[in-house]
Amino acid sequence: MKTRPSIGKGIASLIAAAVTVTLMLSPVVSAHAAQAYKVGAVFSVTGRASFLGDPEKKTALLLQEEINKKGGINGHPLKLIIYDDKGDSTQCVIAVRKLINRDKVCAIIGPSLSGLSLSVIPVVQKSKIPNVSCAASYKIVTKNPKTGEQWKWVFKTPQSDSMAVEAIYTHMKKHGISRIAITSVNTGYGASGRSELLRLAPRYGMTIVADEKYGPKDTDMTAQLTKIKGMSPQAIVNWSIGPTQVVVVRNWKELGMTNIKMYQSHGFGSRKNIKLAAGAAEGIYCPLGACNIAEILPANHPQKQVTMAYVKAYTEKYNEPVSSFGGHAWDALSLVVKALKAVGPDKAKIRDYLENIRGFVGQHGVFNFSPKDHNGLSKEAFRMVVVKKGDWALAD
Amino acid sequence: MIVFDNKKVKQWMNKDFSHLTGFGLCIFLLPLLGKWIPMLANYMDVMVYVGIYSIITMALCLLTGYAGQISLGHASFFGIGAYVSGVMTTRYGVNPWPCLMLGVAASATVALLIGGPSLKLKGHYLAMATMAFCIIITIIFNETATYTGGPDGLAFIPGISIMGHAVDSEVKYYYLVWSVVFLVLLFCLNIIRSRVGRALRSIHGSELAASAIGVNVARYKIYVFVFSAVLTSVAGSLYAHYLNFINPASFDLLVSIKFLIMIILGGMHSLWGAIFGAALVTLLSYEWLQYFEEAEVMVYGVIVLVIVIFLPHGLVSIPKRLKSIRAR
Amino acid sequence: MEHMTLASQLLQYIITGVTIGSIYAMVAIGFNIIYNVTEAINFAQGEFVMLGGLVMVFFRVTLKLPVLFSLPLTISVVMAVGILLDRIAIRPIRKPTVLSMVIATIGASFFIRGAAMFIWGKNPFDLPPFSGRNPITFLGAAIQPQSLWVLGFLVAVVIVLTIFFDRTIMGKALRACAVNPSASSLVGINVKYMILISFALSAAIGAIGGIVITPISLMEYDRGAMLAVKGFSACAVGGIGNFPGAVLGGILIGLIESLGAGLISSGYKDVFALLALLLILFVKPSGLLGSAEVSKIRKF
Chain B
24 MKTRPSIGKG
34 IASLIAAAVT
44 VTLMLSPVVS
54 AHAAQAYKVG
64 AVFSVTGRAS
74 FLGDPEKKTA
84 LLLQEEINKK
94 GGINGHPLKL
104 IIYDDKGDST
114 QCVIAVRKLI
124 NRDKVCAIIG
134 PSLSGLSLSV
144 IPVVQKSKIP
154 NVSCAASYKI
164 VTKNPKTGEQ
174 WKWVFKTPQS
184 DSMAVEAIYT
194 HMKKHGISRI
204 AITSVNTGYG
214 ASGRSELLRL
224 APRYGMTIVA
234 DEKYGPKDTD
244 MTAQLTKIKG
254 MSPQAIVNWS
264 IGPTQVVVVR
274 NWKELGMTNI
284 KMYQSHGFGS
294 RKNIKLAAGA
304 AEGIYCPLGA
314 CNIAEILPAN
324 HPQKQVTMAY
334 VKAYTEKYNE
344 PVSSFGGHAW
354 DALSLVVKAL
364 KAVGPDKAKI
374 RDYLENIRGF
384 VGQHGVFNFS
394 PKDHNGLSKE
404 AFRMVVVKKG
414 DWALAD
Chain U
3 MIVFDNKKVK
13 QWMNKDFSHL
23 TGFGLCIFLL
33 PLLGKWIPML
43 ANYMDVMVYV
53 GIYSIITMAL
63 CLLTGYAGQI
73 SLGHASFFGI
83 GAYVSGVMTT
93 RYGVNPWPCL
103 MLGVAASATV
113 ALLIGGPSLK
123 LKGHYLAMAT
133 MAFCIIITII
143 FNETATYTGG
153 PDGLAFIPGI
163 SIMGHAVDSE
173 VKYYYLVWSV
183 VFLVLLFCLN
193 IIRSRVGRAL
203 RSIHGSELAA
213 SAIGVNVARY
223 KIYVFVFSAV
233 LTSVAGSLYA
243 HYLNFINPAS
253 FDLLVSIKFL
263 IMIILGGMHS
273 LWGAIFGAAL
283 VTLLSYEWLQ
293 YFEEAEVMVY
303 GVIVLVIVIF
313 LPHGLVSIPK
323 RLKSIRAR
Chain S
467 MEHMTLASQL
477 LQYIITGVTI
487 GSIYAMVAIG
497 FNIIYNVTEA
507 INFAQGEFVM
517 LGGLVMVFFR
527 VTLKLPVLFS
537 LPLTISVVMA
547 VGILLDRIAI
557 RPIRKPTVLS
567 MVIATIGASF
577 FIRGAAMFIW
587 GKNPFDLPPF
597 SGRNPITFLG
607 AAIQPQSLWV
617 LGFLVAVVIV
627 LTIFFDRTIM
637 GKALRACAVN
647 PSASSLVGIN
657 VKYMILISFA
667 LSAAIGAIGG
677 IVITPISLME
687 YDRGAMLAVK
697 GFSACAVGGI
707 GNFPGAVLGG
717 ILIGLIESLG
727 AGLISSGYKD
737 VFALLALLLI
747 LFVKPSGLLG
757 SAEVSKIRKF
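Residue numbers (our numbering), protein chains in the order written: chain B, 24 to 419; chain U, 3 to 330; chain S, 467 to 766.
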């Protein structure tokens with residue numbers, strides 16, 4: 024006797040649940056513009072990697088607006104579907120599956136973080152959908168490091184960390200530096216830079232005397248720098264992002280270590296950081312892509328026009344200086360749009376077209392893709408820059 | 003302490019039995035309904051995670067809801083299970099199933115080591131000790147990069163297969179995970195109705211009183227701690243093989259806190275509450291709140307607050323509350 | 467510049483450790499004030515520190531008010547947030563248990579963090595230090611003037627709190643609530659009002675922590691959680707509910723971190739501090755200065 028009403032209650036609650044789910048889902052289905060080309064994007068807009076995802080999302084939206092204002096792609100409006108993975112791998116993979124299965128996009132740009140980009144490779148490979156990542160690690164595109172075989176469906180626009188490291192080491196070698204110390208933040212960003220610094224050091228004859236780390240939310244790096252000061256290296260390479268990269272610079276100045284040259288990663292590439300360092304950033308070197316230094320590029324530089332246009336549009340719309348990372352999203356989305364313009368929304372054709380793009384002038388370099396190279400940049404994509412009088416200047 | 007009225011026990015059994023059949027039917031039918039209602043099919047992916055988290059919240063329900071011990075360290079057991087499975091399968095090519103067992107053994111050992119001294123602590127001190135443990139484990143995952151891949155994570159973890167059949171689609175994995183959930187639920191329901199369950203509740207009530215009536219408090223606390231760690235580790239292995247990727251951030255202190263929020267919102271004194279809580283938090287953060295974009299964190303905070311304030315006993319207390327409102 | 471001698475290196479580590487530790491101590495004191503009255507740990511304590519820093523940035527940098535005005539303004543704004551936290555998140559809970567209060571503060575901390583992200587965005591902000599950026603050299607170690615301010619404010623907070631708890635009626639009432647809430651209400655102390663006061667007070671202390679640390683470490687919307695965890699550890703090391711313990715615990719954690727990073731391994735520096743915490747708890751379960759009695763708490 025007792026059981027029956029309970030089962031009835033169970034079924035009732037099941038129906039209630041189903042109705043709720045249906046109601047919750049209805050907004051997804053309704054948004055459906057006619058004949059729009061749908062491109063998906065997954066960025067870490069909030070959470071621990073928002074310094075990457077935030078400018079990326081803003082840039083992608085800016086570009087979408089510009090393209091649709093000019094009449095779209097061959098008359099088709101561009102519809103960008105952006106999900107925020109919050110820097111979390113689970114949500115990143117869920118978002119990518121959602122883009123493929125529900126939103127039926129024809130290509131995906133992002134994610135922002137190298138680790139998350141690795142996590143979505145199995146999904147995009149299985150679903151056969153072109154993915155242009157905005158994360159740096161060479162592992163994202165390289166299926167087999169020995170043969171150099173590339174993942175069939177995965178591309179990436181940022182320069183590999185190895186290129187930044189090579190640019191730094193080349194500059195050091197030119198200036199007779201061989202004893203260096205490393206400081207890095209213990210997140211994916213810092214760890215991948217650090218491993219490249221360690222890997223390439225012997226090739227450039229660098230001796231690493233100290234290899235120090237700190238957390239992404241640490242308040243002070245004086246202890247790490249004091250230890251380095253005791254080792255008296257010729258230069259320090261710092262690989263971090265967010266507030267810590269500024270605090271390191273300040274501590275370096277306060278400890279009176281300015282005679283030890285300080286090199287930063289390309290993550291330092293925003294004028295915000297120079298300002299936050301409050302005068303301490305003077306004399307800091309870092310490798311930067313063209314879009315960070317658009318203003319000081321010579322007029323005949325191939326990227327001058329493209330980068331100036333982007334920097335102007337971005338600063339006007341969002342009232343903040345550009346960072347390195349928005350440019351990666353610009354490159355990724357522009358490449359996909361170029362492919363869409365040429366071959367339409369067919370996934371396989373987009374992939375084939377992307378693989379053969381040559382001489383594409385982007386924010387971070389001139390891209391030359393090939394079946395053997397799904398990044399398409401060379402180490403010339405980075406230029407060494409020094410902070411002089413509160414602004415970037417090309418370093419010699 | 004509790005007088006056993008045969009009729010009452012029978013009622014309990016009947017209630018449980020009908021709930022279980024209803025629940026089993028629901029989870030069995032959900033993917034089938036997906037054929038007619040495409041929206042449900044879209045939910046398969048997220049439902050797998052709901053299942054994985056349900057295993058953990060049920061374990062925590064026993065530990066926190068019944069035995070009254072707060073742990074902020076369960077994300078670590080989740081991580082230990084996932085990392086043992088991930089590292090053994092990718093670096094040494096071991097079959098996933100022995101890895102899962104190995105993860106269980108590792109978690110149980112760690113739980114014994116940390117639980118022994120920690121469980122002597124009371125209240126917030128226990129929370130703090132397990133918190134310290136959780137952060138330490140996250141740092142270890144980060145720093146032993148040669149094995150774990152460091153902060154960038156461990157990618158390309160192979161999928162799982164049962165007797166030669168690869169569990170390679172979302173629906174298949176859904177059935178695998180929810181069968182585990184169902185078994186765990188059955189097992190936990192039995193524990194609660196048994197001597198052990200009563201002993202745990204008596205510990206929650208008062209440790210002094212419990213030991214006065216002959217309950218070996220220390221031993222029971224360790225038992226339930228290790229048991230919950232083992233279940234959490236199994237969930238970790240299932241997670242690693244489903245996502246094919248793990249990184250330390252998926253097992254940090256915030257995740258432990260998320261588990262705690264799940265059981266509180268669901269109702270920590272009930273296993274059903276544990277499942278509801280896991281479902282609510284997972285669906286909110288992976289699906290429903292996406293429409294709020296950057297205001298998501300704020301909305302989530304408000305929802306947590308509203309439930310804690312108006313439903314202090316969690317979602318499972320809704321029918322009771324409704325009844326009491328109607329009675330007024 | 468030559469090799470730094472080991473002695474001056476050690477001194478440098480100690481200075482750094484004490485500076486960071488002072489902030490942890492302030493967070494821990496904030497935890498204690500609320501804990502003593504409610505027996506709950508307020509997970510939003512770190513958000514008070516974050517708000518202190520960012521609200522100060524608003525008054526000091528955006529509105530360009532002098533320190534003398536912006537400091538009390540900031541503290542009162544954050545105190546108001548503390549009062550609202552009690553009014554909106556804690557007091558309305560039906561049948562509050564310790565755990566439900568803890569979860570309520572966690573929910574509130576999500577909300578505060580989200581709101582801060584909305585107001586200030588995701589970028590870090592800087593504050594000008596109170597007295598210049600030129601470090602003072604002392605026996606080969608560099609001391610930032612702001613470090614002295616941090617230490618000075620910690621001392622001031624401790625003195626003011628001591629006077630408050632020992633000499634004022636309200637302070638004594640708060641202490642009575644800490645010892646026995648139901649007995650206090652019997653002698654006519656309004657316990658709910660005291661909870662409100664405790665939230666306002668610990669918000670103010672959190673705000674001071676944020677104000678003095680921002681010139682050193684910058685501040686952004688999601689810094690609070692890390693500070694809460696560190697303050698939490700400091701609290702446990704010293705003994706929950708014990709004010710001298712909070713100061714001792716905070717400075718101890720800061721020193722272990724800094725010395726561990728400098729002398730052993732910076733990758734594992736947090737592990738050293740946490741192992742010390744575990745060790746202390748396992749040897750003396752009520753913290754260094756806590757009494758066994760305090761560690762008895764209500765049911766969850």
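A hint or two may mislead.
Dumping the calculated DSS-like pairs for lysine-lysine here, alpha-carbon to alpha-carbon at most 30 Å [to be verified]:
id : chain 1 : residue 1 : chain 2 : residue 2
1  : B       : K166      : B       : K395
2  : S       : K658      : B       : K340
3  : B       : K127      : U       : K174
4  : S       : K638      : U       : K322
5  : B       : K412      : B       : K102
6  : B       : K149      : B       : K169
7  : B       : K411      : B       : K395
8  : S       : K530      : B       : K240
9  : B       : K395      : B       : K412
10 : B       : K240      : B       : K166
11 : S       : K561      : B       : K102
12 : S       : K561      : B       : K411
13 : B       : K295      : S       : K588
14 : B       : K295      : B       : K412
15 : B       : K402      : B       : K169
16 : S       : K658      : S       : K588
17 : S       : K588      : U       : K122
18 : B       : K335      : S       : K561
For the record, the hints were derived by calculation from the structure and aren't laboratory data.
Here's how the hints hold up against the structure:
no.	hint	result
1	B:K166 x B:K395	holds (11 Å)
2	S:K658 x B:K340	violated (49 Å)
3	B:K127 x U:K174	holds (22 Å)
4	S:K638 x U:K322	violated (42 Å)
5	B:K412 x B:K102	violated (43 Å)
6	B:K149 x B:K169	holds (23 Å)
7	B:K411 x B:K395	violated (39 Å)
8	S:K530 x B:K240	holds (27 Å)
9	B:K395 x B:K412	violated (42 Å)
10	B:K240 x B:K166	violated (33 Å)
11	S:K561 x B:K102	violated (50 Å)
12	S:K561 x B:K411	violated (62 Å)
13	B:K295 x S:K588	holds (12 Å)
14	B:K295 x B:K412	holds (14 Å)
15	B:K402 x B:K169	holds (20 Å)
16	S:K658 x S:K588	violated (36 Å)
17	S:K588 x U:K122	violated (42 Å)
18	B:K335 x S:K561	violated (57 Å)
In this structure, the earlier hints numbered 2, 4, 5, 7, 9, 10, 11, 12, 16, 17 and 18 are contradicted, and the remaining ones agree with it.
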